[in-house]
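In this note's numbering, the protein residues as written are 591 to 898.
Certain hints may be false.
When the alpha-carbon atoms are kept at most 16 angstroms apart in a straight line, the in silico EDC-like pairs for lysine to aspartate or glutamate are as follows [claimed, not checked]: (1) K762 / E777; (2) K744 / E722; (3) K744 / D785; (4) K744 / D871; (5) K744 / D770.
Across the chosen pairs, the derived CB separations fall in these ranges [what the hints assert, rightly or not]: (6) R745 / A812: 20 to 28 angstroms; (7) T774 / R633: 43 to 51 angstroms; (8) R838 / H592: 49 to 57 angstroms; (9) S646 / H592: 16 to 24 angstroms.
The hints are simulated quantities; they were obtained by calculation from the structure and are not laboratory data. Predicted model only: the values in this text are computed from it and were never measured. Virtual Cβ for every residue (Gly too), placed ideally from N, Cα, C.
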Amino acid sequence: MHAAVLMSHDTPPVYGEHPEPVAAGEHEMVVQVLAAGLHHLTRAKANRSHYSSTGSFPLVPGVDGVVRDTTGRLRYAVLDDTTLGTFADRTVIDVRRSVLLPEGSDPVRIAAAMNPGMSAWVALRRRFAFQEGQRVLVLGATGSAGRMAVQIAKRFGAAQVVAAGRDTARLKTLPGLGADQVITFDEITAAADVDVVLDFVWGTPTAEAMLPLLTARTDRSAPLTWIQIGSIAGETAPIPSAALRAARLHILGSGIGSVPPRDFIAELPELAAAVTEGALDVQARAVPLARITQAWTSPSSERLVLVP
591 MHAAVLMSHD TPPVYGEHPE PVAAGEHEMV VQVLAAGLHH LTRAKANRSH YSSTGSFPLV
651 PGVDGVVRDT TGRLRYAVLD DTTLGTFADR TVIDVRRSVL LPEGSDPVRI AAAMNPGMSA
711 WVALRRRFAF QEGQRVLVLG ATGSAGRMAV QIAKRFGAAQ VVAAGRDTAR LKTLPGLGAD
771 QVITFDEITA AADVDVVLDF VWGTPTAEAM LPLLTARTDR SAPLTWIQIG SIAGETAPIP
831 SAALRAARLH ILGSGIGSVP PRDFIAELPE LAAAVTEGAL DVQARAVPLA RITQAWTSPS
891 SERLVLVP
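Let the sequences and hints guide you as you build the complete structure.
Shown next as structure tokens:
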């Protein structure tokens with residue numbers, strides 16, 4: 591079969607021949623890969639910048655994908671730590687870490703949407719007891735995950751969704767997806783009275799935004815939950831100590847480890863149904879797996895999805 595293979599953390603993968611996968615465990619199954627998203631998580635695990643990276647090479651990347659099982663049914667599968675990911679004609683999945691997809695599911699749309707979509711979906715369902723009518727600020731709303739977060743917060747009944755980002759052109763598109771207000775980081779105090787922050791940015795931008803936002807709150811004793819999800823601007827953020835004293839702030843993270851795998855899997859069918867129904871807008875572009883070397887380093891506002 592063919593696969594994309596990484597030989598080191600600092601070079602792109604190369605398309606070529608690869609040995610056929612073999613299912614070994616009781617719950618394992620060899621499946622045909624139909625579509626696999628090229629996510630930030632995939633790159634981060636490959637270049638060893640993500641905390642869950644194993645650093646093992648050679649590596650076939652790909653953390654998830656839409657696959658056809660041995661009975662011909664379509665599944666969305668999430669892979670555990672493995673050197674044989676979904677950037678291949680075939681791979682091995684643990685059936686317990688997969689869900690059957692609804693009839694009519696588009697493999698490319700599902701592969702593009704599930705990873706960025708589940709970040710906000712799981713955060714609001716499993717890390718924070720989100721209630722209808724609460725107000726949400728999305729930091730980094732112009733990226734794929736942030737764009738999905740705007741839509742998901744609104745779907746869950748947010749009374750107000752404020753979208754913050756640096757790309758003013760992309761910000762202008764977000765009211766059409768449910769954002770009630772769009773702001774730049776320089777205008778962060780306009781979101782002072784939200785109840786929850788979904789932070790896909792972290793780093794210095796978060797540190798510089800946090801204290802102005804907190805001190806501008808109408809009632810500083812009102813609880814604010816800050817959920818750290820992504821770190822596109824930096825792995826560490828120099829949070830000022832005053833931020834923890836000036837307001838009733840609760841900082842927590844949402845991701846692999848803080849949320850058990852069974853909780854992620856439990857949320858996937860409803861998310862897949864929302865994507866299939868067209869309830870969530872998905873920007874996706876299919877790219878042949880044979881072009882993985884070029885796709886790996888190509889900037890794109892769309893989520894690239896590798897297909898056979």
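Practice prompt. Mind listing which of the numbered hints don't hold for this structure, in increasing order?
Written response: The structure conflicts with hint 7 only, although it agrees with all the remaining ones.
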